[in-house]
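Colleague: For reference, the chains in residue letters:
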Amino acid sequence: MRRFGAQAGVFFRSTYLQYVALFQWATLRGYFVYKILLPVTQILFFVELGVYATGRQNALYFGLGNALQLTANAGIFGVIATVANERQYGTLPLLLASPANRLVTFLSRAMVNVIDGIATVVMGLAVVVVLFGLNLKDSNVPVLGLCVLVTSLTTAGLGLMFGSIGLVMRDAIIIANVVYYLLLIVCGVNFPVSRLPAAVQAISYGLPLTRGIQAAREAAAGASLGHVSGLLAGELLVGSLYALGGYVLFRFLEGYARRGGLQEAY
Amino acid sequence: MKGYARAAISAFRVSMRLRVVSTWAYLNWLVFPLIFTALGLFVLGRPGASGSHLVYGILGGGLIGYWGIAYLDGGNGIQDERWNGTLEHVFAVPTPLWVILFGKICGSLLFGILAFVPTVLFAYLGFHASLPAVDPLRFVISLGVLTFTFMTIALTLTPLFALWRWAFSFLNGFELGVYILCGFMFPVAVLAPWAQGVGDLLAPTWATRALYASTVSGGAPDIELWWLAAVGLSLLYLVGAYFMYRMVGDRARVSGELALA
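Chains as they are written, first to last, in my numbering: chain A, 1 to 266; chain P, 1001 to 1261.
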């Protein structure tokens, strides 16, 4: 029990420190530009594109998909930057030298961004409600909320995976940009996954967001928890696998760096 | 004048050399346009979609890439000058700032216009989509007018990136808003009237409208007026730019904080 308490202490201290030192958007102006202006214009762009292509009756399909995809804004950009910035700011050797539990410190990198991702989606959904008349009366709001939470966690899992790659790459934010926009194509955000070629569909279901968005659309239509539980379980499994893969990669790169004395040589 | 031309060519050459080794430039030139082309064609190219819808999917990604390079990459170029410690030198040389920026922006435009090559090829090979009825003369003129509008906007706003770092962040965050207001991937006619009014104040909106009109059968009878509107607004931007350059030059020298801005 004492050991668990100590690890929890490490987790929360690490979460707090990464927030004050590594959170990308910790200024009012930065937060407004990248967490409000960019998400709102993204929703507007894709909803208007969808309305032009398919008619105004489908605005909510695009609005909801893009609001959920905003979890990737924090989960991908935020988490990748949080992990990769350790190298850029010269704190990676200190982190690698510390005796703290690696899994705990690694997972703590995602915590603030998960919370931030949820906040971004709530803001995005508010935009969809106000501008496009999303009617939540018939929705199962608690299940929709659960979908948002799960999707935020799973995109952060993907972010942890790519963040680890960022430990050995100078421009990790490039990976973040490419992954973020690719998710718009392959995860059923703006059109059904079934329209993709079969091989790409297989990739879609191996990524976070795909099942989460599907579940959120069903919850918005009033589906019960039992109805979407399979999708959410699959989403959680995918996200956990990415987080685990990221951790394994992190440990591998840590060992590699330690053996070669390369912590600051990337 | 000859000296200015030499300085502009030199800035063009250096910016191109930096660009061909920049990962960001390829991201803006190749990766993002292809992603947006795929997105546009998947959304707009539903079974039974009309040719005019498909045109937006085919050219939209290229327009986004062109804009991204012409404008955002130009802004990034100024940030790079700051990080490399050469921004003060750019301001301190006897050559006027606009001459150097003009050379850099011409490099951006040349690189950016190439974004249409991979996107149109991708649309054709990946989606079997091609432009239905191009009027070559009108298309080329519209593309020329569009290039002029991009150049004047870049020339007007780039010095602001030198003076205020947040100006670039703000416009970077509003990138998708520009796609909406300029009608890069769908006509501005689908927007609310007030948004159409804002879009009409932007020169690329008129040029983009003309570009799309030149690719579908029937075209548009008002296309010459749209070219004139685009060029007229661009000239207005240049008038604004004259005062902008004076203001930026003065403020940069008074504060002496270019590297810290």
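It is worth saying that the hints were derived from the structure and are not from the lab.
Among the hints, erroneous ones may be present.
Partial selection, computed: residues in chain A whose CB lies under 7 Å from chain P [unchecked claim]:
| no. | residue |
| --- | --- |
| 1 | W25 |
| 2 | L28 |
| 3 | R29 |
| 4 | Q42 |
| 5 | F45 |
One side of the interface only, derived from the structure: several residues of chain A facing chain P at Cβ under 8 Å [claimed, not checked]:
| no. | residue |
| --- | --- |
| 6 | Y34 |
| 7 | L37 |
| 8 | L44 |
| 9 | T54 |
| 10 | I115 |
| 11 | F132 |
| 12 | P142 |
| 13 | I175 |
| 14 | L182 |
| 15 | N190 |
| 16 | V193 |
| 17 | R195 |
| 18 | A199 |
| 19 | V200 |
| 20 | I203 |
Since we're looking at a predicted model, the values are computed, not measured.
Cβ atoms here follow ideal geometry from the backbone N, Cα and C, with glycine treated the same way.
Colleague: Given A/I203 as an interface hint, is the shortest Cβ-Cβ distance to chain P below 8 Å?
Modeller: violated, 14 Å
Colleague: Would you check whether A/Y34 satisfies its interface hint, that is, whether its CB is within less than 8 Å of any CB in chain P?
Modeller: The hint holds - A/Y34 has a Cβ within 8 Å of chain P, the shortest such distance being about 6 Å.
Colleague: Given A/L182 as an interface hint, is the shortest Cβ-Cβ distance to chain P below 8 Å?
Modeller: Status holds, d = 6 Å.
Colleague: Quick check on A/L37 please, does its C-beta sit within 8 Å of some C-beta on chain P?
Modeller: With a closest approach of 4 Å, the A/L37 hint holds.
Colleague: With a cut-off of 8 Å, does the beta carbon of A/R195 approach a beta carbon of chain P closely enough for the hint to hold?
Modeller: Holds. Min distance 6 Å.
Colleague: Given A/V200 as an interface hint, is its Cβ closer than 8 Å to any Cβ of chain P?
Modeller: Violated. Min distance 10 Å.
Colleague: Close enough to count: is the Cβ of A/L28 nearer than 7 Å to one in chain P?
Modeller: violated, 11 Å
Colleague: Would you settle whether the hint for A/N190 is holds or violated, based on the nearest Cβ-Cβ distance to chain P being less than 8 Å?
Modeller: holds, 5 Å
Colleague: Holds or violated: A/P142 as interface residue toward chain P, Cβ cutoff 8 Å?
Modeller: Violated: closest Cβ of chain P sits about 31 Å from A/P142, beyond 8 Å.
Colleague: Regarding the hint that A/W25 lies at the interface with chain P, is the smallest CB-CB distance below 7 Å?
Modeller: violated, 10 Å
Colleague: With 7 Å as the cut and Cβ atoms as the points, is A/Q42 at the interface with chain P?
Modeller: This hint holds: A/Q42 lies near chain P, its Cβ roughly 5 Å from the closest one there, short of 7 Å.
Colleague: Have a go at the A/F132 hint: is there a Cβ in chain P nearer than 8 Å to its own Cβ?
Modeller: violated, 12 Å
Hint violations for this structure: numbers 1, 2, 10, 11, 12, 13, 16, 18, 19, 20, all remaining hints satisfied.
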